[in-house]
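Required output: the full structure, derived from the provided sequences and hints.
There are 2 protein chains.
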Amino acid sequence: MFLATAGLFAQEPDKQMVRLARLVIDSTELDRYNEFLREEIEASVRLEPGVLTLYAVSEKDRPTHITILEIYASEEAYQKHITTPHFLKYKNGTKDMVKSLELIDARALIPEMKIK
Amino acid sequence: MFLATAGLFAQEPDKQMVRLARLVIDSTELDRYNEFLREEIEASVRLEPGVLTLYAVSEKDRPTHITILEIYASEEAYQKHITTPHFLKYKNGTKDMVKSLELIDARALIPEMKIK
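These protein sequence lines map, in sequence, to chains F and P. Sequential numbering from 5 applies to the first sequence in my numbering. Sequential numbering from 5 applies to the second sequence in my numbering.
You may find that some hints are simply not true.
Identical copies carry no separate label here, and so any pair may be met within one copy or between two of them.
[Said to hold, decoys possible] No farther apart than 30 angstroms at their CA atoms in a straight line, the calculated lysine-lysine pairs in the DSBU-like style are these:
#1 Lys84 / Lys19
#2 Lys93 / Lys103
#3 Lys103 / Lys64
#4 Lys64 / Lys84
#5 Lys84 / Lys120
#6 Lys120 / Lys99
#7 Lys19 / Lys64
#8 Lys95 / Lys64
#9 Lys93 / Lys19
#10 Lys84 / Lys99
#11 Lys64 / Lys120
#12 Lys95 / Lys118
#13 Lys118 / Lys19
Treat the hints as calculated values from the structure; they're not laboratory data. Remember, it's a predicted structure, so these values are computed and weren't measured experimentally.
Here it is in structure tokens:
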């Protein structure tokens, strides 16, 4: 139990799970999709110590093209994340808005990196 | 001058410049490339208040495929960044190792997002 804090998670970079999600969204549903995603990310980062970040960007020239940098403290943190009510609300609510989804397992060059 | 601190930069998310860089590296040069990139990122984040993050990942299945999430406090911070000695050392040192480079201007869904 003592280990289950965000601070100590962040000091075990070897256990981190890092992924890029690349999505293409139905243009007619983009505003609704973005609201679902924003709500899901804010809840995940607030409620789950093991969700270290979900940094989502849209391309300026193609706003329907979204990339999310996902960093979890561990594989276990990710497995827990995908059972949460806020994740399931997002996943079920947006399934008809997502035209394509690519999940790319990745390694961080500098796992200790933060955002100032 | 008072405004030129990392803390206050970070509180002006509207001015941020966000970009994805997607690179493919010559596989025979990958280790050397990664050392150049690591050194450049560490110097940039340490020395430049306006470089908010440079989060680099390689794909597990294709380690020559690198994505960098770049967040600068402003366009001006980026323009300054590309004149620094550490950036120029990286750029000149790796120019024959980079097989392709795609720079994608982006918008953050939640500009205040951090990494725990």
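A quick look at each hint next to the structure:
no. : hint           : in the structure
1   : Lys84 / Lys19  : within (15 angstroms within a copy, 35 angstroms between copies)
2   : Lys93 / Lys103 : within (18 angstroms within a copy, 41 angstroms between copies)
3   : Lys103 / Lys64 : both (18 angstroms within a copy, 24 angstroms between copies)
4   : Lys64 / Lys84  : between (33 angstroms within a copy, 22 angstroms between copies)
5   : Lys84 / Lys120 : both (27 angstroms within a copy, 17 angstroms between copies)
6   : Lys120 / Lys99 : between (33 angstroms within a copy, 28 angstroms between copies)
7   : Lys19 / Lys64  : between (33 angstroms within a copy, 15 angstroms between copies)
8   : Lys95 / Lys64  : both (24 angstroms within a copy, 25 angstroms between copies)
9   : Lys93 / Lys19  : within (27 angstroms within a copy, 32 angstroms between copies)
10  : Lys84 / Lys99  : within (20 angstroms within a copy, 42 angstroms between copies)
11  : Lys64 / Lys120 : both (23 angstroms within a copy, 27 angstroms between copies)
12  : Lys95 / Lys118 : both (27 angstroms within a copy, 23 angstroms between copies)
13  : Lys118 / Lys19 : both (16 angstroms within a copy, 19 angstroms between copies)
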